[in-house]
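Model the full structure from these sequences, guided by the hints.
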Amino acid sequence: MSMPNRPDSLILRVTGHFLLPLLIMFSLFLLLRGHNEPGGGFIGGLVASAAIALHLFFTSVQSARRLIWVDPRDLIGWGLCIAIASGLFGMFSGLPFLGALWVELSVPIFGMLKVGTPLLFDIGVYLVVIGTVLNILLALAEAEDA
Amino acid sequence: MLYALLGGFGVAALAPWLHQLFGRHSGWALALWPATLFIYFSGFLAGVNDGPVLLQHNWIPSLGIQLSFMVDGLSLLFALLISGIGIFIVAFAGRYLEGHRDLGRFYAILLAFMASMLGLVLSDNLIALFVFWELTSITSYLLIGFNHEDAAARRSALQGLFVTVGGGLALMTGLIMLAMVGGSYELSSLLNQGDVIREHALYAPMLWLILLGAFTKSAQFPFHFWLPNAMAAPTPVSAYLHSATMVKAGVYLLARLNPALGGTELWLTVLGSVGAITLFIGIWLALRSTGIKKVLAYSTVMALGTLTMLIGLGTPLAVTAAMAFLLAHSLYKGALFMVAGIIDHETGSKDLRDTGGLFRAMPITAVVAGIAALSLAGVIPMFGFVAKELLFDAALKNAASWILALVIAGTIMTVAVGALIGFLPWYGAPVKTKKQPHEPAPALLAGPVVLALLGLGFGIAAPWVDRMLLGAAATAVAGVPVDYPVSLWHGFNTPLLLSIISLIAGLLLYRWRQHFHHHTRFTEVLARTGPERGYDLVMAWLIKVSAWQTGFFQSGYLRYYLLIILLTFMALVWTVLLLYWPALSFGIHLQGIQLHEYVLVFVLMAAAVAAARTDSRLGAVASLGAVGFTVALLYVMFSAPDLGITQVLVETLTVILLVLVLFRLPKFLRLTSTALRLRDVLVASAVGITMTCLLLFAADARLYESISHWHVAQSVPSGYGRNIVNVILVDFRALDTLGEIFVLALAATGVLAMIRLRAEDKRK
Chain A
1 MSMPNRPDSL ILRVTGHFLL PLLIMFSLFL LLRGHNEPGG GFIGGLVASA
51 AIALHLFFTS VQSARRLIWV DPRDLIGWGL CIAIASGLFG MFSGLPFLGA
101 LWVELSVPIF GMLKVGTPLL FDIGVYLVVI GTVLNILLAL AEAEDA
Chain B
1 MLYALLGGFG VAALAPWLHQ LFGRHSGWAL ALWPATLFIY FSGFLAGVND
51 GPVLLQHNWI PSLGIQLSFM VDGLSLLFAL LISGIGIFIV AFAGRYLEGH
101 RDLGRFYAIL LAFMASMLGL VLSDNLIALF VFWELTSITS YLLIGFNHED
151 AAARRSALQG LFVTVGGGLA LMTGLIMLAM VGGSYELSSL LNQGDVIREH
201 ALYAPMLWLI LLGAFTKSAQ FPFHFWLPNA MAAPTPVSAY LHSATMVKAG
251 VYLLARLNPA LGGTELWLTV LGSVGAITLF IGIWLALRST GIKKVLAYST
301 VMALGTLTML IGLGTPLAVT AAMAFLLAHS LYKGALFMVA GIIDHETGSK
351 DLRDTGGLFR AMPITAVVAG IAALSLAGVI PMFGFVAKEL LFDAALKNAA
401 SWILALVIAG TIMTVAVGAL IGFLPWYGAP VKTKKQPHEP APALLAGPVV
451 LALLGLGFGI AAPWVDRMLL GAAATAVAGV PVDYPVSLWH GFNTPLLLSI
501 ISLIAGLLLY RWRQHFHHHT RFTEVLARTG PERGYDLVMA WLIKVSAWQT
551 GFFQSGYLRY YLLIILLTFM ALVWTVLLLY WPALSFGIHL QGIQLHEYVL
601 VFVLMAAAVA AARTDSRLGA VASLGAVGFT VALLYVMFSA PDLGITQVLV
651 ETLTVILLVL VLFRLPKFLR LTSTALRLRD VLVASAVGIT MTCLLLFAAD
701 ARLYESISHW HVAQSVPSGY GRNIVNVILV DFRALDTLGE IFVLALAATG
751 VLAMIRLRAE DKRK
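Protein sequence lines correspond, in order, to chains A and B. Under our numbering, think of the first position of the first sequence as 1, with each following residue one higher. Under our numbering, think of the first position of the second sequence as 1, with each following residue one higher.
Hints listed in this document are in silico derivations from the structure and should not be mistaken for laboratory results.
Partner residues are not named here, just some residues of chain A that face chain B (Cβ under 10 Å, in silico):
1. 47
2. 84
3. 97
Ideal Cβ placement from N, Cα and C applies to all residues, glycine included.
Okay, structure coming up:
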């Protein structure tokens, strides 16, 4: 563990534990509603990164890495792949690259849902943003520990 | 057709794997592909006299770029040569490079080259032609530098690439001009526009640019120096690219464009004189060389010069001669290069002085080399003789007398070079060689045997060859039907007399070649100050300039990068603003601004000033944070919640980042002098003023209706989203976002690398 001179704050730890899942859920909520209300992949990604940064502050780099269970560099790669893949769907339907395709799904409880390739694209953005921020944060924190 | 061409790239990609699969027989197995192509293209022979066949596929229709192909006599002649000789080259390479660890890769590049070359000669679209043209340059680069551990090979590869790609750049400009003037990118329609094109004001610049491309590719004087250096490539490559096919691409282009560009005084003068000079210099240097491949390479330069000169003359007789010469040269030069490879492979000698008396060890090879050399020298009844007779005939009837003199002198020396290759290694006293020579494997011998015998057979059956293909090829080059009788025997006439004279003189020259070398020593001085020296100077200068500009712009100090970026930005913006000064207006509309907005702006400015003036780092961070959050508030007030949220989050994360590094930063020091700080203040204020002016001008000058209305109107119906910002980000302008997240990923990688490097430095 940990940063030099880090105060071990009980309040931070307890609230952090409660806030982490809430913030992650909130980031997903922002991601999903982004198409109609303020939010989206970029904002969602920043919130999720902030949540994990919070976790980093009251635990350790190792713990934060365990929490996201993939290397943030992989997140960037996957995000880019998903964003590009979302653009290919349109091409197979005669649209230009990144042309949007939509399907209407009926999901129990939620009713009719419109799902489209822009959502997939936004998920790609979400992952790239998380990957980028955490990449830098964790590397800095590790340099701190070293 | 599309499959025949693009399939080649597929086979190339599979080649390393196929090589694994077939082991030591991979050469023969892969030779099946060119063999298939050869049979496929032979199918076009039947209809070649009925005019061109056009095939079209869409590629980028919005730009007028098609994958369209034209099969006529000229392209078919080339396609058959490329695929036909390709069969033997691939088989040859399989044995010549047997056991080489990179043989699989070699096949891949060689087959990719073959596909590019076929695409080049069959393309009807100028852009497609250019793409294939550059592909041949790149594959040639990879093949010359195949022995990449050898510095000389790398240098030669780079030289070939620079010269041909530099010419390619000129060519592209020329082709675009051609298409603009001719009104089409399709060769098939451009070739009928000859009169329009020749009359146009752009004709001369266009012609010079295209000629530059063709001359560099086909190693015309003064660009001839890269071709002999390209002999650093493995012999199959020299035989294929640098004698039979790629170097003829420039000649192909000239021949192809002759109906559109040819026939003018300029065309005749430039092509005729450059071709004749190249011819003479090429064969002169060939005779003075001793490396077997060098001799052959320089004699290829001679052949390319001859072809250029003949196309320049442009008469039906001259283009017939050009096509006959092209066919003859491909056959005998392919054979001779493979023979050179055999000598190298079997004896380990690469120099004429290290060989002799090899006839006893390898009689078949010796006979084959003799037949091919006879064709090179133009001795009856070889096809080379037919070509030479036509060459003399054309030069006598159509060319200026100084060109005729060069042609005759060149032919005499060609005979001597033929003797050099056909006699010297094989007869006389045996020379001790590195390896015990013996007859080579069938895969090595097949190519030379077939090509040499074809040279003999085509000579005897010259009228048949003419009827089948040469006539159609000449017609395609001339643009009008050409029916010049081609046969082995034209009766007793001046060309025959010249042939006999040149034969005798050439043999005498061969006999007395030591004296010739002795008396022409003075030309070695010229070689040292020749065009290759110019190339070296240009390259040295290029490196110097790049080193200087890298040192200047990439100083490694963040402040200078920032300074350069900002100054460049201002220079560009002000250039445009001043150019359009009269059309600009400047409006400051202060009505309707609320009091709380004034307050916010005041806070913003105060925080910015505080950030710039503070002496404590924490204070600077806090002030900048105040700036950021105020901006976020502004966003919210002007109903842009997405931007506001993003701004707040970015500010938060910035604080987190700063917390991580704050305690590790050195003490807050003033490192710069007052003068430098004053300069920074000036630059910063200028940028601020520039930005303000730009925005004010932009707000007042609305030439087109704002696109925001369209976004508002279309967001729900075509984007299925009520959050317009998000719809723009992920749908309307998704490509921009994709670019941005790539930048983000790159930046993350860069930051990571920097942090890691620093951590490692510390550990040491």
